[in-house]
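Got chain Y sorted already, so can you dock chain F onto it with the hints?
Chains Y and F are the protein sequences, given in the same order.
The opening position of the first sequence corresponds to residue 1 in the working numbering, with each subsequent residue numbered one higher.
The opening position of the second sequence corresponds to residue 1 in the working numbering, with each subsequent residue numbered one higher.
Derived DMTMM-like pairs (lysine to aspartate or glutamate); straight-line CA-CA distance at most 25 Å:
1) Lys191(F) with Asp113(Y)
2) Lys41(Y) with Asp98(Y)
3) Lys191(F) with Glu158(Y)
4) Lys41(Y) with Asp90(Y)
5) Lys165(Y) with Asp188(F)
6) Lys41(Y) with Glu77(Y)
7) Lys264(F) with Asp109(Y)
Since the hints were made in silico from the structure, they are not lab data.
Here is how the chains run, residue by residue.
Protein chains: 2
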Amino acid sequence: MSELLKRLSLNQITLNKLSLKECVEICVRHNIGWIAPWRNKVAEAGLAESARLIRDAGLKVSGLCRGGYFPAATAKERAERIEDNLRAIDEAATLGADVLVLVCGPAPDRDIDAARGMVADGIAAILNHAHLSGIKLAIEPLHPMFAADRSVICLLDEALQLAQKFPASDVGLALDAFHIWWDPFVYDKLKACSGRILTWHVSDWAVPLPGIFAARSMMGTGVIELRRLRAAVEASGYLGPIEVEIMNEALWNRPADDVVIEMKRTFAEYV
Amino acid sequence: MSELLKRLSLNQITLNKLSLKECVEICVRHNIGWIAPWRNKVAEAGLAESARLIRDAGLKVSGLCRGGYFPAATAKERAERIEDNLRAIDEAATLGADVLVLVCGPAPDRDIDAARGMVADGIAAILNHAHLSGIKLAIEPLHPMFAADRSVICLLDEALQLAQKFPASDVGLALDAFHIWWDPFVYDKLKACSGRILTWHVSDWAVPLPGIFAARSMMGTGVIELRRLRAAVEASGYLGPIEVEIMNEALWNRPADDVVIEMKRTFAEYV
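Bound conformation, chain Y alone (with noise of 0.2 Å):
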């Protein structure tokens, strides 16, 4: 197997309609390393069911999906919103991973940069839970696109600054090609990034979008310079697992080991 397929991670949300049992077998028989679950799915087949499933096939994992969703309209909520996040850092140590992924969340009103206010006094608030149980925090820019109902943090350069609040050994990005290859400024930006980068997706970018949330395509059918980005990726020093995320209904509806055959097939391509 090449170098760079022994980084081929399966976020899960690839085959949403498997679960995280039906995943895990998918891996080993597909022969890939790494999975990154997602916390519904996880919160199915039991927490610590799901650690076992993971730890007796040999999968490492490369990130659990997700945290976030700090900003909200009552502090009674936002501090809601913080204990589940407390939650998923526990998950996250759990299943062995080293990562959680933050999604931000929207605005609860118009007011976007008091949300973004929001976003840095949730991550202040389980930083310190976060770094005494071994997990890193990697906040991920969300597609503009995403801005008024995913996530209030889309830039790249905007992701980086509120990462710099915090220490480097304890938060980081979650960087998605998909979702910042249009930036005209992207490859100076992630020299920026040295250091901070603590994860890596691909997919791709078709034309027309198969949809809004569902919008992402497999590797080679879109736009995205996929060898560029993460040459540029590896520069700023990540050199770790690289998920595969694919928001896609068509594909969530075909066998899932086509899908997984046609995964490896393309990343070795294309990314």
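Just chain F now, with coordinates in the frame of chain Y:
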């Protein structure tokens, strides 16, 4: 009529099922002083007839939509795009517009940086004709969700850097709240645009989005801080007409007079 309402301009795509003649008539009926025609509608009505309709109704033209689409795979195609932009400049002059809006176009392949270079080359190629025709070129940074299919120019600071390659008397920016609201640095960037803003467009970003191209909503139904953005645009020196530009299927299917009444009300309340 309030000073603000005197600045309202009907961008023709907001009533996309109407002809130019019908749009002119509805402006007169509702006491709207400005219109922003689209070239396809002007072509349907005929250029000279369009100019006559607008002039006879006493309307002013806030801008013509649109030139641009400079990148293409071959030199021959790029030359054709430039020819088309020269015609757009002539049309803008005939219609009595001061401003031609440039939607810069997508890349013909995966090389988005090369396409950005083609945009700069294209503007340089039409600059002299625009200058001699008394038409200012307004580069419109589009929301990054359109980076693959409508414009490789999608950040406000990127558009400003591009405009600054040319004299401020000839090239500036067409800014649209829908495209720039999410930018975490938007207010600093707007400050830097002082003297370069040539037109200001409004609509809203509703959750969930009603579509991808037809993604916009009536002012007040979404999350955009329209009033705060207008204040920043005005602080940068732009005090001209404000176009309502809403692509929205449901809106297009409603009676046009109802839409215009709602547009005037929400413009006064939220813009």
